[in-house]
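Chemist: Sequence:
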Amino acid sequence: PEVLVVDDSLTVRKITERLLVREGYRVRTARDGAEAIQMIGVQVPNLVLLDIEMPRMDGLEVLRSLRSDAALASLPVIMITSRTTGKLREQADALGVQAFLGKPYQEETLLAQIHASVGLGQPSEATRPAS
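For what it's worth, this note's numbering labels the leading residue of the sequence shown as 913, then goes sequentially.
By construction, these hints were calculated from the structure, which means they are not laboratory data.
A portion of the hints provided could be inaccurate.
[To be verified] Calculated lysine-lysine pairs in the DSSO-like style (CA-CA distance at most 30 angstroms, straight line):
no., residue 1, residue 2
1, LYS999, LYS1015
2, LYS1015, LYS926
3, LYS926, LYS999
Just need the whole structure built from these sequences, with the hints factored in.
Modeler: Listed below in structure tokens is the structure:
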């Protein structure tokens, strides 16, 4: 499966990309929401990991855009953000986010959420070679 990691922090993008590649995922990265929307328009990933606070287009705007497009409305999105206030969580939940994780995230928690969102079951299944 392919995951699009959207975060304005280069460090977060690189750390998350390395983790997911190690688990057998294909990974693309975007610096902000506008770049993410452009990339999704070219090729739809299986899942989006999305920060909230970003320049040009924030994560909630991206999520609204995805949910308003019939072809993308069911695309799984996991929010990963340093702003974990109840209001932001409520907004993300109302827009149909699969999970809402705080930064720094626990690798095991993130992987479990990703596996559940893309229908792979337990994390160890992602590391099995494709047949």
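Chemist: Against each hint, give a clear statement of whether it holds in the structure.
Modeler: Structure-based check of all given hints:
| no. | hint | result |
| --- | --- | --- |
| 1 | LYS999 to LYS1015 | holds (17 angstroms) |
| 2 | LYS1015 to LYS926 | holds (14 angstroms) |
| 3 | LYS926 to LYS999 | holds (29 angstroms) |
Figure legend: structure checked against the earlier numbered hints; every hint is met.
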